[in-house]
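With the hints as constraints, model all of the structure from the sequences given.
For the sequence shown, the UniProt record's numbering gives the first residue as 1, with consecutive numbering after it.
Be a bit skeptical, because a hint or two may be false.
Below, a list of computed lysine to aspartate or glutamate pairs in the EDC-like style, where the Cα atoms sit at most 20 angstroms apart [as the list claims (entries may be wrong)]:
#	residue 1	residue 2
1	K146	E112
2	K248	D229
3	K141	E114
4	K118	E149
5	K224	D191
6	K251	E221
7	K148	D184
8	K141	D191
9	K235	D134
10	K163	D180
11	K146	D180
12	K81	E114
13	K160	D128
14	K214	E164
15	K188	E149
16	K218	E166
17	K145	D134
18	K76	E51
Label-pair ranges, simulated between beta-carbon atoms [stated by the list, open to error]:
#	residue 1	residue 2	range
19	G59	E256	29 to 39 angstroms
20	K258	N36	21 to 31 angstroms
21	S90	L159	20 to 30 angstroms
22	K145	D229	46 to 56 angstroms
Hints were generated in silico from the structure; no laboratory data involved. Just so you know, even glycine gets a beta-carbon here, dropped at the ideal spot from N, CA and C.
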Amino acid sequence: MMGITSKKSMPAHSAHTLFLYLCEITNDMKMTTTENIRKELQTLADSKYQEFHSSLLPGANNILGVRIPQLRTMAKEIIKKEDWRTFVESTDTIYYEETMLQGMIIGLAKMELEEQMKYVTMFIPRIDNWAVCDIFCSELKTSVKKGKENVWQFIQPYLKSSKEFEIRFGIVMLFHYVDDAHIDSLLKYADSFNHDAYYARMAMAWMISLCFIKFPQKTMEYLKHSTLDNWTYNKALQKTIESFRVDKDTKDILREMKRR
Numbered sequence: 001m002m003g004i005t006s007k008k009s010m011p012a013h014s015a016h017t018l019f020l021y022l023c024e025i026t027n028d029m030k031m032t033t034t035e036n037i038r039k040e041l042q043t044l045a046d047s048k049y050q051e052f053h054s055s056l057l058p059g060a061n062n063i064l065g066v067r068i069p070q071l072r073t074m075a076k077e078i079i080k081k082e083d084w085r086t087f088v089e090s091t092d093t094i095y096y097e098e099t100m101l102q103g104m105i106i107g108l109a110k111m112e113l114e115e116q117m118k119y120v121t122m123f124i125p126r127i128d129n130w131a132v133c134d135i136f137c138s139e140l141k142t143s144v145k146k147g148k149e150n151v152w153q154f155i156q157p158y159l160k161s162s163k164e165f166e167i168r169f170g171i172v173m174l175f176h177y178v179d180d181a182h183i184d185s186l187l188k189y190a191d192s193f194n195h196d197a198y199y200a201r202m203a204m205a206w207m208i209s210l211c212f213i214k215f216p217q218k219t220m221e222y223l224k225h226s227t228l229d230n231w232t233y234n235k236a237l238q239k240t241i242e243s244f245r246v247d248k249d250t251k252d253i254l255r256e257m258k259r260r
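Structure (structure tokens):
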């Protein structure tokens, strides 16, 4: 038995115990990356946080209650130590946190932009709540750094999607493009926006508020002539007013602009 190596100590030298020992090692070797990750997530679960986080995600199922910083640390460890591609490609997930981890890994793992975009395309249909969507988009700042205009072109079809979380993905990705080169395109898109889904509308309101913070004059002019639906328009005003980066006088003007 010289070829066998393991962290487990060798059991007593009997044929039966040795057989059981070999079976145990074989089972360990068969355990998939997904199963190992799931076990670790279960050990990190916090029932109080699970209750709190579930209240923020109506409709999201199987939340363990693992905090985002812990998930991000775990994602980095998986990238270093595990076959992360096997895990990311797996559809055999049970928990919300597993999906969140997959998205984080796609954003954090070192790879060429072309490969990363393939994983992004694969992952988007798995997004079924705002938290996974927004954290995923935040981690994808890595892809924007690799090829800003390539990613800009990539997200365009999602901005026209009828699916709630596909279009939210597209809009939240636009947050990386609140800059001189793209502000006119963002405001033009905002005026063409027409979607009934709550999380799509909220993303649009959020985007407009970010545009206002960085480009107040342009965005104010847009708001004065906007054809945006009343709910999204008023929500955009609200989110802008709530920002600590907007002065009191401007907030007073925005309050007067509310549609009634």
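Compare the distance between the alpha carbons of K141 and E114 with 20 angstroms, and conclude whether the hinted pair is satisfied. Judged against 20 angstroms, a Cα distance of about 15 angstroms means the pair holds.
Cβ separation of S90 and L159, checked against the hinted range 20 to 30 angstroms: For S90 and L159 the Cβ distance comes to about 29 angstroms; the hint holds.
Checklist line | Pair hint outcome, K163 versus D180 [Cα-Cα no greater than 20 angstroms] | finding: violated, 29 angstroms
- Query: Given the hint that K218 pairs with E166, does the C-alpha gap stay at or below 20 angstroms?
  - Reply: Judged against 20 angstroms, a Cα distance of about 27 angstroms means the pair is violated.
Going straight from one Cα to the other, do K235 and D134 come out at no more than 20 angstroms?
-> holds, 18 angstroms
Outcome for the supplied range 29 to 39 angstroms, where the beta carbon pair is G59 and E256: holds, 36 angstroms
When you check the alpha-carbon spacing of K145 and D134, does it fall within 20 angstroms? Roughly 18 angstroms separates the two Cα atoms, so the pair holds.
>> Run the distance test for K160 versus D128: straight-line Cα separation, threshold 20 angstroms.
In response: Between K160 and D128 the Cα gap is close to 18 angstroms, so the pair holds against 20 angstroms.
Discussion item. Hinted pair, alpha-carbon criterion (20 angstroms max): K141, D191. Please report holds or violated.
Written reply: Violated, because 25 angstroms separates the two Cα atoms, which is more than 20 angstroms.
Pair hint outcome, K148 versus D184 [Cα-Cα no greater than 20 angstroms]:
holds, 16 angstroms
Given the proposed pairing of K146 with E112, does the C-alpha separation stay at or below 20 angstroms?
Since the Cα atoms of K146 and E112 sit roughly 8 angstroms apart, the hinted pair holds (cutoff 20 angstroms).
Tell me if the straight-line CA distance from K224 to D191 falls inside 20 angstroms. OK: K224 and D191 at ~12 angstroms, within 20 angstroms.
In the structure shown, a violation is registered for the earlier hints numbered 2, 8, 10, 12, 14, 16, 18, 20 and 22, in ascending order.
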